[in-house]
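S.K.: One-letter residues, chain by chain:
4 protein chains.
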Amino acid sequence: MELWESGERHVSWAARSMPVLTAIGERFALERPFDGLTIAACLHVTAETAVLMGALKAGGATIALAASNPLSTQDDVAAALREYGVAVHARAGVDRATYYRHIHQALDVEPDLVLDDGCDLVNILHTERTDLLGRVGGGCEETTTGIIRLRQMAAEGALRFPVVAVNDTRTKRMFDNRYGTGQSTLDGIMRATNTMLAGRTVVVAGFGYCGRGVAERAKGLGARVIVTEIDAVKALDATLQGYEVRPMAQAAPSGDLFVTVTGNRDVITAEHLAVMKDGAILANAGHFDVEIDVRALDELASEVHRGVRPNTDEYVMPDGRRLLLLAEGRLVNLTAAEGHPAAVMDMSFSAQALAVAWLARERSGLEPGVYDVPEHIDHEVAGLKLAATGISIDVLTEEQEDYLHSWRVGS
Amino acid sequence: MELWESGERHVSWAARSMPVLTAIGERFALERPFDGLTIAACLHVTAETAVLMGALKAGGATIALAASNPLSTQDDVAAALREYGVAVHARAGVDRATYYRHIHQALDVEPDLVLDDGCDLVNILHTERTDLLGRVGGGCEETTTGIIRLRQMAAEGALRFPVVAVNDTRTKRMFDNRYGTGQSTLDGIMRATNTMLAGRTVVVAGFGYCGRGVAERAKGLGARVIVTEIDAVKALDATLQGYEVRPMAQAAPSGDLFVTVTGNRDVITAEHLAVMKDGAILANAGHFDVEIDVRALDELASEVHRGVRPNTDEYVMPDGRRLLLLAEGRLVNLTAAEGHPAAVMDMSFSAQALAVAWLARERSGLEPGVYDVPEHIDHEVAGLKLAATGISIDVLTEEQEDYLHSWRVGS
Amino acid sequence: MELWESGERHVSWAARSMPVLTAIGERFALERPFDGLTIAACLHVTAETAVLMGALKAGGATIALAASNPLSTQDDVAAALREYGVAVHARAGVDRATYYRHIHQALDVEPDLVLDDGCDLVNILHTERTDLLGRVGGGCEETTTGIIRLRQMAAEGALRFPVVAVNDTRTKRMFDNRYGTGQSTLDGIMRATNTMLAGRTVVVAGFGYCGRGVAERAKGLGARVIVTEIDAVKALDATLQGYEVRPMAQAAPSGDLFVTVTGNRDVITAEHLAVMKDGAILANAGHFDVEIDVRALDELASEVHRGVRPNTDEYVMPDGRRLLLLAEGRLVNLTAAEGHPAAVMDMSFSAQALAVAWLARERSGLEPGVYDVPEHIDHEVAGLKLAATGISIDVLTEEQEDYLHSWRVGS
Amino acid sequence: MELWESGERHVSWAARSMPVLTAIGERFALERPFDGLTIAACLHVTAETAVLMGALKAGGATIALAASNPLSTQDDVAAALREYGVAVHARAGVDRATYYRHIHQALDVEPDLVLDDGCDLVNILHTERTDLLGRVGGGCEETTTGIIRLRQMAAEGALRFPVVAVNDTRTKRMFDNRYGTGQSTLDGIMRATNTMLAGRTVVVAGFGYCGRGVAERAKGLGARVIVTEIDAVKALDATLQGYEVRPMAQAAPSGDLFVTVTGNRDVITAEHLAVMKDGAILANAGHFDVEIDVRALDELASEVHRGVRPNTDEYVMPDGRRLLLLAEGRLVNLTAAEGHPAAVMDMSFSAQALAVAWLARERSGLEPGVYDVPEHIDHEVAGLKLAATGISIDVLTEEQEDYLHSWRVGS
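These protein sequences, in sequence, are chains E, W, C and H. In terms of our numbering, the numbers along the first sequence are unbroken and rise by one, the last being 414. In terms of our numbering, the numbers along the second sequence are unbroken and rise by one, the last being 414. In terms of our numbering, the numbers along the third sequence are unbroken and rise by one, the last being 414. In terms of our numbering, the numbers along the fourth sequence are unbroken and rise by one, the last being 414.
None of these hints come from the bench; they were simulated from the model. Please note: incorrect hints may appear among the correct ones.
Since the list gives no way to pick one copy over another, a pair counts as held whenever it fits inside one copy or between any two copies.
Result set (SDA-like, lysine to any residue): computed pairs, CA atoms no more than 20 Å apart in a straight line [unchecked claim]:
#1 237 / 180
#2 237 / 212
#3 237 / 247
#4 60 / 87
#5 237 / 394
#6 280 / 19
None of these values were measured; they are calculated from a predicted model.
Please model the complete structure; the sequences and the hints are all you need to start from.
M.R.: Written out as structure tokens, the structure is:
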């Protein structure tokens with residue numbers, strides 16, 4: 004089997020888990036929103052991305068693709084994409100210089116639109132390739148970090164075209180934060196420890212979207228859940244959903260399992276480690292590995308046994324208690340499980356595909372700046388997802404539209 | 004027992020269910036935010052309102068109170084308030100002329116601040132009593148309808164002082180829409196029908212905050228829940244929470260109980276009534292009685308037995324099926340149960356008390372217009388509610404504050 | 004409207020909530036299992052009982068009915084039954100002598116089979132009317148108390164015919180104990196207090212079938228639930244279902260609402276009352292009013308306000324705390340709500356109807372003694388209930404029957 | 004590190020997850036229930052079994068251990084046990100002849116008590132080593148299959164000593180069937196497919212203890228659950244718990260995921276496969292691989308892709324639909340996840356340890372036959388488990404004991 008054949012198989016497997024993006028690709032093939040347009044993209048070169056590229060190409064786009072991270076490049080997928088007519092400038096494991104050369108090569112197509120993941124391509128456009136700026140009508144950026152950079156550029160008047168922040172849509176947040184993180188976090192904990200959750204006390208630190216998802220899943224697996232929070236409104240909501248709420252210092256002696264998901268540092272510290280039960284398990288589902296004070300754990304422990312189970316280290320305290328740290332305090336759902344199911348990527352990339360089509364249509368009328376994904380796109384993605392699941396919903400009658408409208412404007 | 008004594012007992016009973024407002028009253032007594040200020044209020048003259056009046060008076064206010072609806076006036080509470088030093092212009096069951104005279108009398112105190120419930124007092128101020136406008140520094144309005152009128156006034160440049168829309172705060176919405184409506188709707192249905200919910204199929208039309216609450220409670224009582232929606236994003240969320248989603252036409256033949264909570268008209272129509280099961284129960288938890296097409300029910304039925312149970316009418320169809328309509332299609336939680344528990348009013352009136360104090364402090368710097376309740380007030384109410392429930396939460400350390408801040412501004 | 008017409012309307016309304024018993028009646032009309040047989044019954048003369056009488060009569064029985072309690076007799080139902088051809092010896096509110104005369108009159112028909120509710124009729128048969136014993140082929144007894152008496156009679160060799168204990172069947176226990184008591188207990192508490200359950204801490208004492216039902220419904224309404232138990236296996240099961248388990252002395256300071264459902268006395272005593280929170284609510288869902296020590300409450304209180312809400316008394320402790328006792332410590336689901344929904348009676352009376360038919364068929368081969376309801380009757384009732392609900396299930400194929408059989412006997 | 008050291012580490016890790024058995028071992032060390040007694044055991048030679056051996060030896064027993072299956076023997080654990088003074092006759096991967104020789108060697112100690120797992124040792128005792136029968140006072144058998152053989156022996160009068168069926172205790176069934184199988188089945192499905200369960204429709208075939216556990220966990224992970232059953236009572240219970248119940252033929256077109264857990268064959272057949280959705284996932288959690296008709300799947304498929312994910316085979320139907328079969332239709336929780344967590348083995352082996360002690364004490368008074376685990380042992384295990392979890396429960400007062408007793412005997 005040739006490399007591109009293996010890649011094609013992977014892409015086709017991914018496509019089957021991405022029914023929404025597939026449906027969008029089919030619609031693009033009819034509507035051809037990108038006829039005559041050129042797109043330069045800097046994204047992870049994976050099977051899921053290939054499905055996105057396929058949808059854009061079906062819509063008429065000429066595409067050049069560079070990798071946003073050489074480590075994630077799947078060479079067989081790159082080969083399949085080239086076979087399909089996408090100009091791919093990417094290879095697994097290339098050095099830094101090659102990485103940047105690839106981005107330049109992608110830009111050489113003189114794009115009308117750009118897709119970015121981390122802002123490197125847009126940054127190069129605004130510094131080294133300003134000659135191309137005149138042609139670029141707009142872009143999409145996928146990451147939160149990239150968006151922060153773009154907002155700063157916009158604030159300083161440096162950003163030269165409209166960019167859609169495709170990371171945050173309601174449908175994506177549902178799939179990703181609440182239900183995705185909820186399930187994958189518990190999945191990671193079970194894979195790492197094979198511990199039974201029914202009858203255990205799980206302390207969830209943080210009751211944002213992710214924390215809520217983790218709490219729901221822990222409860223759904225039979226655990227008693229205690230929530231810690233620093234925000235009174237979220238804490239109150241947790242109590243109204245039936246959870247017990249305590250400060251961490253009071254939760255620490257009760258927990259069998261601790262999951263931090265706050266986005267903040269030092270959520271579990273030496274003070275808490277000192278009073279935990281023998282056998283307590285510590286896991287982090289927040290983005291950075293700063294939530295559990297691993298350094299304190301290292302300093303306190305009289306002995307450390309690494310790898311007593313996959314992704315599980317055992318810290319023996321001087322008083323004999325044993326604490327189990329999962330995934331070294333890094334994201335337990337990515338490290339010990341497999342991160343987001345394809346259903347999540349389907350939502351994100353579908354919003355991205357529709358955002359690019361919207362940009363293609365509206366770009367001439369948009370000022371430079373950072374834009375949220377237009378609300379109708381969110382509804383479109385949700386509608387396509389329902390359709391792909393075989394679910395239909397009601398449609399407003401004319402009388403109902405009138406009624407809602409009349410009520411909203413007052414009588 | 005004198006009238007005022009009975010009133011005092013009712014107020015004292017209400018106060019015990021309103022710990023947050025009581026705590027705010029105690030704080031006001033120390034801080035005296037209203038010293039030297041006069042407040043005119045047009046509100047339902049009930050025991051709960053009396054607790055609010057008590058808090059404002061404890062804070063130093065001179066108060067005149069008129070009824071926002073003569074039907075809800077509790078004369079014994081009015082007597083108790085007068086005994087306590089509030090000028091009450093209200094009596095149960097007065098006619099329209101007296102109603103307006105009472106509002107004028109309340110305005111005669113020449114208020115610095117006003118509290119309104121339906122915009123009548125503010126309206127009179129802007130039409131018949133414009134002489135007083137110079138003094139009024141701001142107001143609060145409780146109802147959605149009132150807010151719509153105020154926004155129109157603001158849009159036309161007619162509004163002459165800042166008004167806080169106290170109806171919508173996150174804490175109030177939690178207590179009121181999701182958890183309050185959820186419980187009281189099922190409570191009303193059980194009181195009306197004494198039907199067992201475990202094992203029944205409940206169709207919930209609408210998955211907004213209220214519909215979500217109704218669905219959660221029906222599921223919590225053992226029912227299988229089917230959701231209908233017209234919004235794809237909400238419909239998708241319903242499926243992700245484990246509910247089945249269908250159009251009403253497909254849900255109609257399956258339901259044992261139907262609850263409409265959409266805010267729209269004609270949610271259940273002749274088409275749906277035609278295919279429902281014998282014995283199906285119809286209830287509405289939306290604000291207006293337009294969601295179930297009661298006229299169609301009347302026209303279709305060959306026989307109607309009113310009052311077969313409290314708040315329950317039986318409609319016999321020509322084919323022999325019997326449909327049960329609760330509360331004539333009006334709000335089932337208010338008609339068949341008792342509406343909001345005191346805990347909900349505690350949240351609303353606490354936000355209102357803090358909003359008035361905020362107005363008292365900030366009014367000189369505020370432009371005329373409609374203002375949302377400042378976010379910190381929501382946090383304050385939530386914090387006081389947690390404290391009243393004996394729950395404490397974590398507090399950010401300085402390092403954590405710095406970390407969050409640094410992250411938010413980017414690196 | 005004549006008395007019997009009113010009765011007929013009530014019976015017809017009840018029949019609509021008893022689809023299983025109605026279906027059995029229809030089958031009896033075809034199969035005529037009681038042709039030529041006479042039945043004497045001593046039961047509550049209510050609309051539900053009338054549906055049972057109708058089913059037996061449809062099956063060919065000649066029936067005489069006396070009241071098992073004069074207080075519950077519905078005179079209009081009695082009139083309707085007489086109109087239908089059942090000999091009813093019952094009138095609301097008769098004195099003791101008349102009560103017993105009525106039972107004798109019912110026995111005068113010289114029954115082949117008897118139905119009893121509390122063992123009075125069977126007792127009279129074995130003492131004052133032994134002349135009739137030769138003819139009686141069997142009976143049914145509905146109450147637990149009656150069964151205890153019958154077992155003693157059987158143990159002493161005094162029981163002269165087979166009696167089926169119709170109270171305990173799996174389907175009835177499901178409907179009655181777990182789901183019926185669960186819902187009606189919370190229903191009663193909401194009607195009495197209108198308190199919001201979301202966010203409250205509910206202490207459920209006892210984790211038998213009923214306690215489990217109460218805990219599930221409290222959790223389903225958003226409460227945090229703490230369970231107390233004296234049985235380690237049940238306590239362990241409660242933890243595995245996600246509940247917190249504590250001794251009452253440790254639960255007492257945490258509860259907002261306490262529900263006793265243990266079947267034992269002194270579950271909540273002075274020791275616990277002393278440490279409860281201000282505003283705590285006390286309710287009993289156990290059969291007798293001995294679970295909460297009401298006498299201790301009376302002695303401890305410095306003041307008692309009866310009826311502050313329907314079925315709610317407020318006890319003021321010397322330290323100012325106020326405890327709320329519902330329904331004077333008697334069954335809260337019967338006192339403050341309406342007890343069992345008709346769906347429960349449908350299960351019980353259906354089992355009874357089938358048990359009588361079984362007795363009619365098998366009585367000649369049965370020794371005197373107390374019998375459980377044959378298992379196939381339970382399956383039949385469940386099957387009819389499913390059918391009435393429009394639910395069908397799978398049927399074993401011949402190969403599957405063989406497989407199960409071969410496996411059970413070993414290979 | 005020597006072999007026995009590695010074994011000791013494994014045993015010590017297992018012991019930490021088996022707090023109940025550890026506590027029993029500590030008690031045995033004080034009470035010495037096996038002083039002077041010899042035990043021959045034929046069990047899986049694993050770390051968990053080693054903890055059991057340790058408890059018996061601490062209680063004074065002389066032990067000889069053979070393997071009940073050479074494939075599961077952990078040689079390092081065997082080495083550690085020998086070091087500890089247990090005579091182990093076992094080695095990984097030995098042939099059939101050696102397997103039986105090992106059992107004979109274990110019997111050579113002339114045991115007073117025996118532990119068996121599959122009845123091979125007891126069988127040899129009753130056929131080839133009848134000389135030893137006079138001394139054997141009793142035994143324990145772990146497996147259902149073994150118990151079936153023993154009951155046949157007892158029925159034929161061939162069994163010569165009392166045997167306790169240690170497989171079925173309430174605590175073990177809770178941990179094993181309901182909560183253990185429930186979690187591990189979903190765990191296996193997530194590991195195999197990484198599919199998101201929220202929003203999916205899961206069809207659970209069978210609503211026994213295991214099926215109930217699977218349904219609860221699927222619901223707890225956000226799925227909509229449909230149950231199929233052949234038993235009306237169980238089906239009714241499923242509806243009362245809020246599940247939808249359908250025959251498999253009607254469930255088949257709706258499911259995204261199917262889990263069979265009936266104990267019967269042909270639960271999913273060609274007829275059902277023909278109407279399933281593209282992408283449907285099939286998993287079995289029943290003991291034998293006969294529930295899903297894999298042969299039909301093979302015959303129907305036009306193409307099969309083995310291993311598209313770990314433990315996942317893709318069957319392409321002629322009409323293009325793709326069905327995913329997990330673990331070749333064998334037990335998905337054992338194949339794709341890790342089977343029972345240690346907490347389950349802790350319950351089983353604790354019951355076994357206490358049953359052996361009971362036999363040691365009571366054996367002289369017991370007739371040959373198969374005995375259930377005495378109920379008090381179940382309570383003891385549950386009590387120790389609660390204690391190990393730090394949970395205390397209430398204890399009956401003398402008055403309460405009296406009350407219960409008086410009530411039970413009647414008044």
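S.K.: Let me make sure I understand: some of the numbered hints might not hold for this structure. Which ones are they, in numerical order?
M.R.: Of the numbered hints, all hold.
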